[in-house]
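Since the structure of chain A is already known, use the hints to place chains B, C and D on it.
Chains as they are written, first to last, in our numbering: chain A, 802 to 1232; chain B, 802 to 1232; chain C, 802 to 1232; chain D, 802 to 1232.
Take the hints with a grain of salt, since some may be wrong.
Where chains are identical, the list cannot tell them apart; a pair therefore holds if satisfied intra-copy or between any two copies.
Heads up, simulated BS3-like pairs for lysine-lysine below, C-alpha to C-alpha not over 30 Å straight-line [said to hold, decoys possible]:
| # | residue 1 | residue 2 |
| --- | --- | --- |
| 1 | 862 | 1124 |
| 2 | 980 | 847 |
| 3 | 980 | 843 |
| 4 | 1115 | 1225 |
Derived by calculation from the structure, the hints in this document are not laboratory data.
Predicted model only: the values in this text are computed from it and were never measured.
There are 4 protein chains.
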Amino acid sequence: MTNTRTVELEGHIIDSGMMQQAFGIVMDLGGEFDVEQFDVGKQKDKTSYCRMSVSADDEKKLQEILHELHQIGANLTDPVDAHVVPSPADRVVPVGFYSTTNHPTDVRYNGQWLSVENIEMDCAIVVEPGGSTSNQNSTSSGDVVDPDAEDGPRAYTKVLNSVTEGDLIVTDEAGIRVKPPERPRDSSGPFGFMQGGVSSERPSESLIGEVADEIRETKEAGGNVLVVAGPALIHAGGGDALATLVREGYIDMISAGNGFATHDIERGLYGTSLGMDMETMEHPRKGHKHHIYTISEIIRAGGIAEAVEQGLIKEGVMYECVKNDVPYVLAGSIRDDGPLPDTITDTIEAQNAIREQAHQADMVLMLSTLLHSVAVGNCLPSSAKTVCVDINPATVTQLLDRGSSQAIGMVTDIGTFVPTLAEKVLGEADE
Amino acid sequence: MTNTRTVELEGHIIDSGMMQQAFGIVMDLGGEFDVEQFDVGKQKDKTSYCRMSVSADDEKKLQEILHELHQIGANLTDPVDAHVVPSPADRVVPVGFYSTTNHPTDVRYNGQWLSVENIEMDCAIVVEPGGSTSNQNSTSSGDVVDPDAEDGPRAYTKVLNSVTEGDLIVTDEAGIRVKPPERPRDSSGPFGFMQGGVSSERPSESLIGEVADEIRETKEAGGNVLVVAGPALIHAGGGDALATLVREGYIDMISAGNGFATHDIERGLYGTSLGMDMETMEHPRKGHKHHIYTISEIIRAGGIAEAVEQGLIKEGVMYECVKNDVPYVLAGSIRDDGPLPDTITDTIEAQNAIREQAHQADMVLMLSTLLHSVAVGNCLPSSAKTVCVDINPATVTQLLDRGSSQAIGMVTDIGTFVPTLAEKVLGEADE
Amino acid sequence: MTNTRTVELEGHIIDSGMMQQAFGIVMDLGGEFDVEQFDVGKQKDKTSYCRMSVSADDEKKLQEILHELHQIGANLTDPVDAHVVPSPADRVVPVGFYSTTNHPTDVRYNGQWLSVENIEMDCAIVVEPGGSTSNQNSTSSGDVVDPDAEDGPRAYTKVLNSVTEGDLIVTDEAGIRVKPPERPRDSSGPFGFMQGGVSSERPSESLIGEVADEIRETKEAGGNVLVVAGPALIHAGGGDALATLVREGYIDMISAGNGFATHDIERGLYGTSLGMDMETMEHPRKGHKHHIYTISEIIRAGGIAEAVEQGLIKEGVMYECVKNDVPYVLAGSIRDDGPLPDTITDTIEAQNAIREQAHQADMVLMLSTLLHSVAVGNCLPSSAKTVCVDINPATVTQLLDRGSSQAIGMVTDIGTFVPTLAEKVLGEADE
Amino acid sequence: MTNTRTVELEGHIIDSGMMQQAFGIVMDLGGEFDVEQFDVGKQKDKTSYCRMSVSADDEKKLQEILHELHQIGANLTDPVDAHVVPSPADRVVPVGFYSTTNHPTDVRYNGQWLSVENIEMDCAIVVEPGGSTSNQNSTSSGDVVDPDAEDGPRAYTKVLNSVTEGDLIVTDEAGIRVKPPERPRDSSGPFGFMQGGVSSERPSESLIGEVADEIRETKEAGGNVLVVAGPALIHAGGGDALATLVREGYIDMISAGNGFATHDIERGLYGTSLGMDMETMEHPRKGHKHHIYTISEIIRAGGIAEAVEQGLIKEGVMYECVKNDVPYVLAGSIRDDGPLPDTITDTIEAQNAIREQAHQADMVLMLSTLLHSVAVGNCLPSSAKTVCVDINPATVTQLLDRGSSQAIGMVTDIGTFVPTLAEKVLGEADE
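Bound-form chain A, shown alone (with noise of 0.2 Å):
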């Protein structure tokens, strides 16, 4: 095994489980490794450093490895610049592209290490070398170079669509460093109860009171709030709950799709959630006609929000979103009845409305949705805290696999969640 190379791991790498990984990571894909140095954390708030040689049998399985090291924060330890080669076409990545994590990233970029901006998974990394007045030996080595610098080099994620022929685009493992968040060392932080994972067997309304208290202590830390929707809140009866919350100022941005907005305009409108009575709940025969209906009335009216000002909506999500300019994006389906105007239709145009909402959000609700809820949470840096609620277990499993390590699972009723939600995040905030 002449193919040789040493990462460093460094932090918590014990008890947020990055060491065995690693370990892990050169056994399963037939490598070796050689601890050179480990310090281990003696106590709790101590952290603890590893350096190991990994070697495989061929360069390519070396680099298969190092990649799938790269991706849970054990870094080459070479201060070597990263490799860009420029795309060769629109859409078209080099061979050996550097596939982004969802963690704070750095690449070394001319000696000097760039913040990756606007990190999410699974995009390229473009660097742009900067102006005319050369800095690269402003900056000693270790430090990363502010993005807002003018002029100074950058680097950011691009998706593939939006790659474009020349752009530098970062291959290999070289010259990037990943920082997973970590396990934090005490378990009475926010978040602190679960640490990821999906709960069972757990006291639902303990757990919905500790969702409350994050939504709580985010608002008050100025924080962006993002709830994700999909129809079944709205069919489960909590499109009052979330409305409230929404005008209590506790949402800043709402991501959802043609039909919910439809069945809450409906409910406003009609009474109805896909032609049943909410109330008596009579009258509970398939009907769309009260659906077709609604986006017929919302496209004769011009959208919701004009809709909102003529009077015709009156009440619900949309329309507490309206009146307290809380911005929504509506994403397109191919199941979506009508749509409405304000639904975006181009799946290409919607992902870069919902990138934009996912890179403020601090908090993110995704509540009975999976379609909307992958979408967003493919959108997310690790450092986003997730919460996905529903009441299939697949669905929250599949979400808490793609998503950021803080991502929290809960199985339960949204019809039950959402109302009980409200009354702890209004209760607690009026004490």
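Below, chains B, C and D without anything else, positioned relative to chain A:
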């Protein structure tokens, strides 16, 4: 097709689906029908009547068809007596024994219609001829004999393991009348909002309100409410709310297992459930130690009632049962730890105890347990109102497939369901 | 109740459940009925007939009842023309527009019954009056006008976003006839084994055999088989078997998304699916790199067909589609990476492409995708035989709830279903 | 924090996750740790060693931490004897009793390490001091005493209900060593492909092939394969394949319930399962009559073996068990009909029979039954290879959460799994 018999259907046979089922049975099983008379109820309070002859190629097939028609309430017109055959041995039924439905059933014996006592599914019917003074001429054909009459003939169900050699067992389909419950031709009645089936895409809180109304109405009418509960109810934080409902007199009987009682008592003794603190949700590591201790302590005390008397148990569902004389059955299972002294470890004996409860219940709440719910459901007559609540739709579906036609299912989180239910039952009770 | 109308039901209205539904609708919606005539089919090949008057307190309620009766095939007796009202604006329907079912439908216009073309759910019906030479007297009442007749009046469905200002839109329920499919009074026909509903507790291999038979019979009858497939099919190892079915001519169209096609091609290019080696199952770590590469390479080639021609893609489902001229629609969604050049990113445009496929399908296999299955299902007439396969019962139930009455669902593992299906289709084809 | 103890961890403590868990436990439970020595295994075949002191505010908290550390294999360094306290009464454990894990465990008694016999979870450890001739000086500290040695001290597990007054029960954590299984630092071993966890998005047929390989390897190594099976296996059509595996000698023991055996025998007697013809799937109406008949006939015969001898049962899983001397345990449950004479109706007695099977099993297949799988899993040592198969992911997850660390789960259709498995086991056996 020379094998022909005539059957009658009467009641709301169209809107209850009975007529559709009847035609379906004959066709599915390869028979033929000839409708001799059909009088449709012209308005919604009028019943319909159908008399048709059914024929098949051979007698065996005809018997199969008649058996299936029987299950849904199509009765033979022939005013003949039921056949009774002595059981050849203990726990052995004669060939062709009649297997019961869970619907009210009459058996014709010596020209009299006897109402079958303790009706439940999949049983044999045993006829006791009664005293020496034959009363075979004392009632006119069509009248049902009062089962409480002294010394008269009686008919009642027996499960297989209760059958004794020489028992007079009803065989074939002749001389038997079954009356399935009809769907009321008016949706405003109790549980009219669902008429069976699993809820989906309905407002959860409104549905829980309907269940609360039904509990109150059952109690006001002097009926008995039986709760069947699984350990998940305690883990999910529903224990306090259920204890309150017991204390306030809304629950008349509890059917559960060793795990439910132990978790409930553990919560009282140690504030934990399987080792997790129910308030702070701290110490969530797996540990059965408190669980085993709990059982050990109750064994030392001599049982649950003794532990309450000795002041060892001071709160919880089991505590309230003891204090309020609410009887409980704890049925053993092969996954039990311990068990508690109160747990009935023999499954036959446990079934008998469950059977007794089931026969007294007017309304049954099945909460988060498949095993115990199926066991109770097996013994329920179709007249018992049944609500099945579980977060797993497969559990709810499986229960309803076996259940009576009034059973309704709700897929929701037991941890929010029970507190919301208690609030609605008690809140409305105050008004 | 002075608001009264008369409706007729004809066919196997009892054993298809239509009569039961009709009574249920009137009662649930607070109306009254009076059966004026009821002729029951005396044997299983005889149809029944019912004429009844329906009344309600107010006209609005009556219209609701009539609307619902309509959905199930109870038609107004009045030989009046349908009302048509010009659409007030693009994508706006007139008040009281008639919303279609997915059943064969006729509209009465100028005394003629027009068969509505391209029937699907939740659409408006547009009437085109036809040429200058009025043919309004040329057919006797009751005949259906041939839609292919030159210059005659036509009726066809339009989804909301296709409605143009001035379109003559059918409103109310008068002058419309709906013919839901009847359950055959003989269970031996294809799919007779299930008559809709989700399979459970049935032998899986026998059920798959029935589906295989149905595919072969559809092909022998010259029908079209449409496969709707999700990416899980590839992950679960069903790709080879599906490719074989395409190559052997049993699949006529494929409806899928960007993810399905990319995973399929990735498997061909790299032997992996989302980075996992499909043979050895080694390297199971998450890595989207191959996924992004695959898309990038197909973009570079210019599209899937081009990549096949250039020899880049050498196997798999998409390869066989290109080689065997099996058309495919790849509809975009907001969770897509890339996308591939073949993916239709505008959801309206994608729906149109899906609609075209759906209208040509005689049999539809929906395999492991909720999103695409719902989208296709929305466009299907009730005459298309539909099989939904998913390991998640919630997905199957949701599809069937929206689907046509012949739809059957099967909860099984797609990874064993597709290979077993292919074996049975091809094995039996050899015999 | 004056309450301090020192623990050691040894083995592949990083890549097995043990070190991470240990730090987590101390921090979660509010303690402190101080790593005194840490020697990391520098290559993958080298073990690591950690000695650290653990402290807490009070002794109670420290004991909790030590208890949890124990569960994962962190052992106290003090070479003291275990405390033993006589049980105060039958079925009552002394305060502070040591509750077992399912890992290999040693207890120090009179300076000797005794290997605990019949290790399983949640038991007490009983020490038997042995004969009059004290052998306390006969072995040097650190050696494990051979449990088969005549007259020497022994240690073995007892479930709560077997504890007898005066039993010497081990309490606290001192003098106890636990050795959890380590993840092999090489993924090529059996079951290396999964290393625990639920499969998802993996090729089903390849996974089944791995299970088949494991069965063959277990048999070739002279090991015992235990099948735990639920009635769904028969309904789903897996009976023939399982019967074949029994006949061909791949299954050594079967653990099931009354329902499984009855459905299997019913299929043999009547060709039906709960009344459904397994070939034609005709007559799928609900009917327990064949079910009850089956039990009745077996009762008449005197039992399953007698019915086989009398020629009544001629095929099926139970038939093959009798013919091939494969022992089976049929454990009773409260949802049973009948039961069969072979069914053990007392749950304690049934647990004892299950326990005996479990202790002999080297590999366990848990097929479509939650109840019986949990019961068996409760008795399994962590060294038994376990595969859980169910279509419901919740069942698989629940089993794995309780199971040993080598347990793997597979969410698939039992009706295609068993035939495919049999094909792969037998096919490969031929090669």
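Tested hints:
1. 862 with 1124: Cα proximity of residue 862 and residue 1124: none, with 57 Å in one copy and 34 Å across.
2. 980 with 847: For residue 980 and residue 847, the Cα distance is within 30 Å both inside one copy (17 Å) and across copies (28 Å).
3. 980 with 843: Answer is both; intra-copy 21 Å and inter-copy 24 Å each pass.
4. 1115 with 1225: both (26 Å within a copy, 29 Å between copies)
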